[in-house]
Amino acid sequence: MKLAYWMYAGPAHIGTLRIASSFKNVHAIMHAPLGDDYFNVMRSMLERDRNFTPVTASIVDRNVLARGSQEKVVDNITRKDTEEHPDLIILTPTCTSSILQEDLANFVERAQIDAKCDVMLADVNHYRVNELQAGDRTLQQVVQFYIEKARKKGELPQGKTEKPSVNIIGISTLGFHNQHDCTELKRLMGDLGIEVNAVIPEGASVQELKNLPRAWFNLCPYRELGLMTAKYLEEQFGTPYVDITPMGVVETARCIRKIQQIVNAQGADVNYEDFINNQTLYVSQAAWFSRSIDCQNLTGKKAVVFGDSTHAAAMTKILAREMGIHVVWAGTYCKYDAEWFQTEVSEYCDEVIITEDHGQIGDAIARVEPSAIFGTQMERHVGKRLDIPCGVIAAPIHIQNFPIGYKPFMGYEGTNQITDLIYNSFTLGMEDHLLEIFGGHDTKEVITKGISAESDLSWTKDGLAELNKIPGFVRGKVKRNTEKFARERRIQEISAEVLYAAKEAVGA
Amino acid sequence: MTVAESQTLTFECETGNYHTFCPISCVAWLYQKIEDSFFLVIGTKTCGYFLQNAMGVMIFAEPRYAMAELEEGDISAQLNDYEELKRLCTQIKRDRNPSVIVWIGTCTTEIIKMDLEGLAPKLESEIGIPIVVARANGLDYAFTQGEDTVLAAMANRCPDKAPVTETAKNDANAIQKLLNFGKKKEEVAQEESEYKDHPPLVLFGSLPDPVVTQLTLELKKQGIKVSGWLPAKRFTELPTIEEGYYVCGVNPFLSRTASTLMRRRKCKLIGAPFPIGPDGSRAWIEKICSVFGITPVGLEEREAKIWENLEEYVKLIRGKSVFFMGDNLLEISLARFLVRCGMTVPEIGIPYMDKRYQAAELAMLEKTCIEMGVPLPRIVEKPDNYNQVQRIYELKPDLVITGMAHANPLEARGINTKWSVEFTFAQIHGFSNARDILELVTRPLRRNNNLKDLGWDKLVKEM
Numbered sequence: 001m002k003l004a005y006w007m008y009a010g011p012a013h014i015g016t017l018r019i020a021s022s023f024k025n026v027h028a029i030m031h032a033p034l035g036d037d038y039f040n041v042m043r044s045m046l047e048r049d050r051n052f053t054p055v056t057a058s059i060v061d062r063n064v065l066a067r068g069s070q071e072k073v074v075d076n077i078t079r080k081d082t083e084e085h086p087d088l089i090i091l092t093p094t095c096t097s098s099i100l101q102e103d104l105a106n107f108v109e110r111a112q113i114d115a116k117c118d119v120m121l122a123d124v125n126h127y128r129v130n131e132l133q134a135g136d137r138t139l140q141q142v143v144q145f146y147i148e149k150a151r152k153k154g155e156l157p158q159g160k161t162e163k164p165s166v167n168i169i170g171i172s173t174l175g176f177h178n179q180h181d182c183t184e185l186k187r188l189m190g191d192l193g194i195e196v197n198a199v200i201p202e203g204a205s206v207q208e209l210k211n212l213p214r215a216w217f218n219l220c221p222y223r224e225l226g227l228m229t230a231k232y233l234e235e236q237f238g239t240p241y242v243d244i245t246p247m248g249v250v251e252t253a254r255c256i257r258k259i260q261q262i263v264n265a266q267g268a269d270v271n272y273e274d275f276i277n278n279q280t281l282y283v284s285q286a287a288w289f290s291r292s293i294d295c296q297n298l299t300g301k302k303a304v305v306f307g308d309s310t311h312a313a314a315m316t317k318i319l320a321r322e323m324g325i326h327v328v329w330a331g332t333y334c335k336y337d338a339e340w341f342q343t344e345v346s347e348y349c350d351e352v353i354i355t356e357d358h359g360q361i362g363d364a365i366a367r368v369e370p371s372a373i374f375g376t377q378m379e380r381h382v383g384k385r386l387d388i389p390c391g392v393i394a395a396p397i398h399i400q401n402f403p404i405g406y407k408p409f410m411g412y413e414g415t416n417q418i419t420d421l422i423y424n425s426f427t428l429g430m431e432d433h434l435l436e437i438f439g440g441h442d443t444k445e446v447i448t449k450g451i452s453a454e455s456d457l458s459w460t461k462d463g464l465a466e467l468n469k470i471p472g473f474v475r476g477k478v479k480r481n482t483e484k485f486a487r488e489r490r491i492q493e494i495s496a497e498v499l500y501a502a503k504e505a506v507g508a
Numbered sequence: 001m002t003v004a005e006s007q008t009l010t011f012e013c014e015t016g017n018y019h020t021f022c023p024i025s026c027v028a029w030l031y032q033k034i035e036d037s038f039f040l041v042i043g044t045k046t047c048g049y050f051l052q053n054a055m056g057v058m059i060f061a062e063p064r065y066a067m068a069e070l071e072e073g074d075i076s077a078q079l080n081d082y083e084e085l086k087r088l089c090t091q092i093k094r095d096r097n098p099s100v101i102v103w104i105g106t107c108t109t110e111i112i113k114m115d116l117e118g119l120a121p122k123l124e125s126e127i128g129i130p131i132v133v134a135r136a137n138g139l140d141y142a143f144t145q146g147e148d149t150v151l152a153a154m155a156n157r158c159p160d161k162a163p164v165t166e167t168a169k170n171d172a173n174a175i176q177k178l179l180n181f182g183k184k185k186e187e188v189a190q191e192e193s194e195y196k197d198h199p200p201l202v203l204f205g206s207l208p209d210p211v212v213t214q215l216t217l218e219l220k221k222q223g224i225k226v227s228g229w230l231p232a233k234r235f236t237e238l239p240t241i242e243e244g245y246y247v248c249g250v251n252p253f254l255s256r257t258a259s260t261l262m263r264r265r266k267c268k269l270i271g272a273p274f275p276i277g278p279d280g281s282r283a284w285i286e287k288i289c290s291v292f293g294i295t296p297v298g299l300e301e302r303e304a305k306i307w308e309n310l311e312e313y314v315k316l317i318r319g320k321s322v323f324f325m326g327d328n329l330l331e332i333s334l335a336r337f338l339v340r341c342g343m344t345v346p347e348i349g350i351p352y353m354d355k356r357y358q359a360a361e362l363a364m365l366e367k368t369c370i371e372m373g374v375p376l377p378r379i380v381e382k383p384d385n386y387n388q389v390q391r392i393y394e395l396k397p398d399l400v401i402t403g404m405a406h407a408n409p410l411e412a413r414g415i416n417t418k419w420s421v422e423f424t425f426a427q428i429h430g431f432s433n434a435r436d437i438l439e440l441v442t443r444p445l446r447r448n449n450n451l452k453d454l455g456w457d458k459l460v461k462e463m
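Respectively, the protein sequence lines represent chains A and B. According to the working numbering, numbering within the first sequence proceeds without interruption in unit steps and concludes at 508. According to the working numbering, numbering within the second sequence proceeds without interruption in unit steps and concludes at 463.
Isolated chain B (complex conformation) (with noise of 0.2 angstroms):
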C-alpha cells in the first residue's frame, strides 16, 4: 500500500532558510555570453562582495560588468539617482562603448524604490545606448532566476519584424555577391532544402556557444531549423520575433522569460522536458516534433547508444541514493535524468517550483520513476538546510548534492558531496554532454573509493 502511495510526485514547501547563490551572479555568465554586452549592477558593497569573492579569478579579466556602489547619500535621496547614472553610464560608454547595458536592480534599489524602468529610456535616449533593466535581487529570486529575469527583459528588445529578405540583402550586396560568384546563394538553397516546412523556432535560455551548436545542429537532423537564440552572441544579433512564432526553453529557470515571450510577444511555448541527459534530450526533441508534425528519425538509436557510452559510469551510480538540497533549479531535470541511470532520489529541494512551466518535465519525472521502479521523490520546494541536514543524517544517501557552505562540513562527516554549482557552468545540454554530467556526480564516489580503506571517513570528533 505504500507502493501506492509513493506514485505521485508529494510537493512540500518549507521555511526558505537555504544556502543559494544572490541572482546577481547571473551576470558572470551573461557578460560572457553577450559578448557587447556591458552589466552594470546597482547596489552596495555586499554585492560587490560577493561578486568578486563568487565569481575568483575571473574578475581579473578586466570582466564587462561593475558596481554602481550607492552611497549614504543615493540611499537618503541626497543625491540624484538619474544624474549619477547618467555620470557612470557616460563613463562606460567612454571607456568601453558597449552596444547595450544592462542594469541589474538589486535588493536596495528595491527597497529605496529606485525606479530603474522609469529612468532607463529616459538615458536612453540621451547618451544612444539602449539599457536593459533586469530586476535580479535576493528578495524576490534566487540564483539562477536571475538570468530569467535578463533574458525576460530582453525578451521586449527582441526586433519584431523580420530583417530584409535574403534576396534583398543579396542585392544590397552586390559586390559581395560578384566576389563570390553566387557560390553562397547556392549553399544558401541547398541548406535551406534539408529543413522542413514548419513554423519559425526560437530558442531560449544562455548556453555556452558550443553547445549552441550541438543543439541547433542536433534539431536540424530532424528538419528543424532554429531561427534565433534568445541571447545571441551579440545584443545587436538579438533574433526577430513575430506574433505566433515557436518558442522552447532549455533551462528549468526560465519561467519569467516564457510567460514574457508567450503574453507579450504572442508566442507559442512548446512545454518540453528540458535536454538534460539523453532520455531529456531525446523527449525534448521529439516533443518539438511533435509540435510541428514532423516524424523524428534515428532518436531512438542515438539515446541507446548514448547510454551504451554512459555505462562504465552508470554502473558506478546504478541503486545508489541522491539527496538533492537544491539552489539551482536544475534539480527535478537532474534528478530525473539521475533516476534512468538507476539511482534513488529521496529528497529533490529546489527554490522555486514552477508547475506549468515545467509540467512536462514533471511528468517524465514520474513516468521515468514508474518505469524504473523506484519511489517518487518528495520535492521540496524553499527548503530549510537544517531540517534538510537532519534529514541527511536519518537518511545516508549515498550522495547529496549542495552548495558549498555545506558540502565540506558534510565531507568531514563522511557523506560524499558535489557541488551543486558546478552544474550550472558546465555543458549539460544534449546528448553529447550527458557524459559531463555522469563525470561530476560520479567524482566524489570515484575519489572516495580511493580512499575507501584508508578509514578517513569521518573527520569530526563525537561531540
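Extracted from the complex, chain A is given alone in its bound form (with noise of 0.2 angstroms):
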C-alpha cells in the first residue's frame, strides 16, 4: 500500500478510453462498477465535447460479484451494436474487473458472433500500466488488428503513395494541446510538400487504418503515445519513423532535417535547408527573440522543469539551449522512460529527477527557490504557495489548459507560443520582485479616493525625473506610496530626495 494524495499520470484504462473515443464511430464499453465512468465527465467538461461520450459501462454490481457477469457484457455489446453501429467496440477492462478475473477474451468471442461490428478487448493490465503505456499499448493493438484483418482479406493496399506522405501518429482527445498542435503539424507537413496520409488516432475512422503502409514514414510527436505502433509499422512495412519532437527552434529543425534524411533515401530529392533558415531567422519570432534584450535579461536566471517526457525534455532544451536560463532541475513522472529523459536532458540542467511524488517535487521547489517553474497543474499550485509563477507545459491539466484560441507547442508558431509563456511567467516574476522592492504588493489604506494618481502634492523637476527611471509598470504605485510618504510627514514638495527617503521607510 501506499499513502497518495494525489497522482500525475491516470489508471490503465483512462488509456484505453482516451484511444477508443479520438477515433470516429468506436465505442468503448467499461467492465466496471457504477461512478467508474468519470472519463465522459472529463471529456464533456474539459474538452467541452458536443456530442457524447462513446463510452458506456457494463456494470458491475453484486450480483455479478456473486454470479459473474454471463450474458451481461455480451448484451451490452451487442446491444450498442444495434443502437448506435459503430466500426469497432473495444472492451474496457478496469481495476475491479482485472481481479475479478473473468474470461472477458470469451465474451469478446461470443458478442462477435452476433454483433455486425468488431469487437476487441483492451490488453492492459492496471497493475503494471498506467494510462500512457496504456493508451499507446491499445492504440497500436487497434493498428494492428485492422492491418491483420486486411491483409487475409488481401485489402491491404500495395505501394507508397506517389508523393512522399506521412502519417501523423499519437493526436488524442484530452492530450495537452493536442489538436492545436495536430493543425500546425499539418501546416507544416505542406510547408515541406508532405501529404498527410493519414492522422491517428484523432478523428480517424478505422476502415482507413488499412491505408496507413502507403505513408512513406511516420511522425511520432509525442514520446507517450504512438512509438509502439511507429515500431510495429516498422517491424511490419519497413515504414522507418521519426520520434524528433518538433518543439523549440532546435528540435523543430532537427525533425525536419531527419525527415529530409528519410524522404530522399527512398527517392524524393528535397532540400528544406532554406525553409529552416527563412522560418527561424525570420518567421518565428524565437530566434529573435532570444537575441533580443529581453532574454538577455533573463540569463542566468533560475527554473526548474517537470512534466511527461516529451515536453519535460523540450522545455529543458529550449530553456537552456535557447534562452541562456539555468535549469536547476528537469524531472518527469514517466518512469517507466527514465533512461530516455536522461540522456535528452541531462547536458542541459544540473539535476534530473525521476519521481511520481508531487510532494518529492514540492520540496525540490522550494530548496531552490527558482525564478520561474514549469510544469503541471500541480507545480502551479505549488508556485501559488511559494509566489512563484509557473508556466502550465503537460498533463494533468484543468480546463484552462483546453484553450479555445490556436497555441500550439509544436512547429514554428509553436515556438513563438512557447515564448510567450516563458518571458510572461519570468516578466511576471520580476514585477513581483520589483513590487517587493517598492512596497509591498497590496495598498491596504487610501491614499486618495479614486485610483487615478493625480493628487494635489506637487513634484519638482528632479523628483519627477527620478520618478520616470523607475520602470513604467511601478511607477504609478511607487508614485501612491511616495505621496503617502510625504503626505504622513507633511512634506509639501516631493523631490528626488523625498522619493528615496519614501523608498527607504518602505524597505526598513
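Hints listed in this document are in silico derivations from the structure and should not be mistaken for laboratory results. Take the hints with a grain of salt, since some may be wrong.
[Unchecked claim] Calculated lysine-lysine pairs in the DSSO-like style (CA-CA distance at most 27 angstroms, straight line):
| id | chain 1 | residue 1 | chain 2 | residue 2 |
| --- | --- | --- | --- | --- |
| 1 | B | 315 | B | 266 |
| 2 | B | 113 | B | 86 |
| 3 | A | 186 | B | 461 |
| 4 | A | 163 | A | 258 |
| 5 | A | 301 | A | 407 |
| 6 | B | 86 | A | 2 |
| 7 | B | 220 | B | 33 |
| 8 | B | 458 | B | 418 |
| 9 | A | 477 | A | 503 |
| 10 | B | 320 | B | 418 |
| 11 | B | 461 | A | 116 |
| 12 | A | 24 | A | 116 |
| 13 | B | 266 | B | 33 |
| 14 | B | 305 | B | 287 |
| 15 | B | 225 | B | 33 |
| 16 | A | 477 | A | 258 |
| 17 | B | 320 | B | 287 |
| 18 | A | 2 | B | 320 |
| 19 | A | 407 | B | 461 |
| 20 | B | 458 | A | 24 |
| 21 | B | 113 | A | 2 |
All figures in this text were calculated on a predicted structure; none of them were measured in a lab.
From these two lone chains plus the hints, build me the complex, please.
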C-alpha cells in the first residue's frame, strides 16, 4: 500500500478510453462498477465535447460479484452494436474487473458472433501500466487488428503514395494542446510538400487504418503515445519513423532534417535547409527573441521543469539551449521511460529527478527557489503557495489548459507560443520582485479617492525625473507610496530626496 | 380516463446503466464537515483519479483525506493488510493527529474481501485513534449514498449516555463560573424555558454549518430543541443517542443511517418530507411538531412570505417541464418542490428508491401533483441513460437535470440542462435557501433567454 494524495498519470483504462474515443465511430464498453465512467465527465467538461462520449459501462454490481457477468457483457456489446452501429467496440477492463478474473476474451468472442461491428478486448494490466502506457498499447493493438484483418482479406493496399507522405501518430483526445499541435504539424507538412496520409487516432476511422502502410514515413511527435505503433509499422512494412519532437527552434529543425533524410533515402530529392533558415531567422520570432535584450535579462535565471517526458525534455532544452536560462533540475513522472529522459536532458540541467511523488517535487521546488517553474497544474499550485510563477507545460491539466484560441506547442508557431509562455512567467516574477522592493503588494490604506495617481502634491523637477526612471509598470505604485509618505510627513513638495526617503522608509 | 390513470405514482426499474459519481466522493464534503477527521480511501488508482478530478481545486488545499493505494502485492495477498494499514495510519497519526480515521472501503476491498471491519478495532486499540469503517463502494451504492454509509457507521459511535449534567459540569468548572459571575447560568435557564417539554430530538445528515444553524433556529421558534446533529462539527462532539430518542433525517439518501438509528440505537424515526423548498420545510417542521404534540405557529405565513419573494423566479418556470435523469437521490424532493412552483415533471430518474424512508416525501409529491392539477411523474429507479436520452428527444422537456457527462452534449442539441451535482453542494435546505434552488434551476433558462434571438440553439450537424 502507498499513501497517495495525488497522481500525475491516470489509471490504465483512461489511456484505452482516450484512444477509443479519439477514433470516429468506435465505442468503448468498460467492465466497471457504477461511478467509474468519470472519463465521460472529463471529456465532456475539459474538451467541451458537443457529442456524447462513446463510452458506456457494463456495470459490475453485487450480482456480478456473486455469479459473474454471465450474459451481461455480451448483451451490452450487442445492444450497443444495434443502437449506435459503431465500427468497433473495445471492451475495456478496469482495475476492479481485472481482479475478478472473468474471461473477458471469451465474452468478446461470443459477442463477435452476433455483433455486426468488430469487437476487441483491450490488452492492459491495471497494476503494471499507467494511462500513458495503456494508451500507447491500445493504439498499437487497434492498428495491428485492422492491418491483419485487411491482410487476411487481401485488402492491404500495395506500394507507397506517389508523393512523399506521412502518418501523424499520437494525436488524441484529452492530450495537452493536441488539437492545436495537430493543425500546426499538418501546416508544417504542407510547407514541406509532404502529404498527410493519415492522422491517428484523433478523428480517424478504423476503416482507414489499412492505408497506413502507404505513407513514406511515420511522425511520432509525442514520446508517450504512438511509438509502439510506429515500431510495429516499421517491423511489418519497413516504414521508418521520426520520433524527434518538433518543439522549440532547434528541435524543429532537427525533426525537419530527419524527415529530409528519410524521404530522400526513398527517392525524393528535397532540401529543406532554406526553409529552416527562413523560418528560424525571419518567420518564427523565437530565434530573434533569444537575441533580443528581453531575453538577455533572463540569462542565468533559475528555472525548474517537470512534466511528461516529451514536454519536460523539450522545455528543458529550449530554456537552456535557446534562452540561456539556468535549469536547476528537470524531471518527469514517466518513470518507465527514465533512461531516455536522462540522456535527453542531462547536459542541459544540473540534476534530473524522476518521480511520481508530487510531495518530492514540491520540496525540490522549495529547496531551489527558482524564478519560474514549468510544470503541471500541481506545480502551478506549489508555485502559488511559494509565490513563484508557473507556466503549465504538461498534463495533468485543468479546463483552462484546453484553450479555444490557437495555441500549439509544436512547429514554428509553437515556438512563438512557448516564448510568450516563458517570457510572461519570468516578467511576472520580475514585476512581483520590483513591487516588493518598492513597497509591497497591496496598498491597504486609501491614499486618495479614486484610482488615479493625480494629487494635490507637487513634484519638483528632479523628483519627477527620478520617478520617470522607475520602470513603467511599477511607477504608479511608487508614486502613490511616495505621496503617501509625503502626506504623512506634511511634505508639500516631492523631490528626489523625498522619493528615496520614501523608498527607504518602505524598505525598513 | 387517462387522468384517473395518472393519479397514482408509477415506479419502474431500468437497467442501471446510468452515470453518477462514485460514493467515495462523500469524503470531499465530509472531511470538511467533520473538522478533526481524516478519511483514508482504501482503493486503487481509479478511485484516486476520480477523487482528484472530481474535487478539482479542493485537492490542493492539503485535504484531510488520502488514498491507501493498493498495489499488486496487496491484491495477491503477498503483503499483510494489517501491517500495511498500520504503517499508513501511524503515518497519518504522526502528520495530522486526527480524532478519527475513517476508512472508506471500495470495490477492490470488497472483491478481495479485505476484512476492514475486523481489522479496525484491533488497529484502533493499538494506535489509540478511533477507526470508523464505511463501505462506500460503487458495487452497492451511488453518489450521496456514500454519506449514508459513513453516517450509519458513525451512528454506532455516538455516546449512549448523556454526559455529566449541567449542574455537575458547573461545579467542576467552579472557577469559570466565578469568572462568569453566574451570568451564563441565567442565560441557560432562560434559554431552556423557551423550549417546550419534549423527548430529545437528534437530526441526521451532513449540512453546511450555516444551514445547521438555520434549521435549528427554525425548530427553536416552535419550542423544539435539537439535542444534537449526526454528524457534528467534530468527531469528539458526536451527539448522545439514548434508547427512545427521536431522530429525523434532513436528506432523502440517508436510509441506512435511519435504519441503524432505529434498529441498533432503538430510536424513533420521524418520517417526514425533507426540508427542501418552503413547502418541504414547512411540512418537515409540522411533522416534527405533530409527533411531539406541539401546535406549530406562524408557519403558514412564513411559507406564504417565502413564496411571495420567490415569485420573480417562479414566473420563469411556471408551466415548463423538467426531466430528472437521476444521480443523487435528491430527485423526489426537488421534483415535489418544482411541481409546487408550477412545473410539470414527466420523469424522475433516481438511483435507488427507499419507499419506506421516503414515504412521507412520496405522499407529499402525490398530493402536490393532485393539488396543482398536473399528471403524476413516472419514477424510474436505476435508469438507463441511453433510453432516457431517447425519451428526452421525444418529450423535448424545457429543462433536463443531469450529470456533467450529458450536459454539454444535450446543450449542443438545443436542450436546456442543469448540472445535478450542484444541488448536492449548494445550500438548499430550509425556508431561506429555497431561493438558491430556484437560482440554480432558472439559471440555464435565464442564460438561454439572453441568447434566444441569436439562432444558436443547435450546434451539432444533423447526421
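Margin query: Hint check: residue 225/B vs residue 33/B, CA-CA at most 27 angstroms. Holds or violated?
Written below: holds, 22 angstroms
Task: Pair hint residue 301/A and residue 407/A, alpha-carbon separation not exceeding 27 angstroms - done: Between residue 301/A and residue 407/A the Cα gap is close to 25 angstroms, so the pair holds against 27 angstroms.
#### Entry: Restraint check for residue 305/B with residue 287/B, where alpha carbons must lie at most 27 angstroms apart
holds, 20 angstroms
For the pair supplied as a hint, residue 86/B and residue 2/A, confirm whether the alpha-carbon distance does not exceed 27 angstroms.
holds, 12 angstroms
Is the straight-line distance between the alpha-carbon of residue 407/A and that of residue 461/B 27 angstroms or less? holds, 26 angstroms
(request) For the pair we were handed, residue 2/A and residue 320/B, check the Cα-Cα distance against 27 angstroms. (result) violated, 51 angstroms
What's the verdict on residue 113/B and residue 86/B, does the C-alpha distance respect the 27 angstroms limit or exceed it? Holds, because 18 angstroms separates the two Cα atoms, which is no more than 27 angstroms.
#### Entry: Satisfaction of hint between residue 418/B and residue 320/B, Cα-Cα up to 27 angstroms
holds, 14 angstroms
task: Please work out if residue 458/B and residue 418/B have their alpha carbons no farther apart than 27 angstroms.
output: Answer holds: residue 458/B to residue 418/B is near 17 angstroms, not above 27 angstroms.
> Within a Cα-Cα threshold of 27 angstroms, do residue 320/B and residue 287/B meet the stated pairing?
Replying inline: violated, 30 angstroms
Q. Are the Cα positions of residue 477/A and residue 503/A separated by 27 angstroms at most?
A. Given that 27 angstroms is the threshold and the Cα spacing comes to 11 angstroms, the pair holds.
Query - Holds or violated: residue 186/A to residue 461/B, with C-alpha atoms at most 27 angstroms apart - result: holds, 25 angstroms
Hints 1, 16, 17, 18, counting from the list given before, are not met by this structure.
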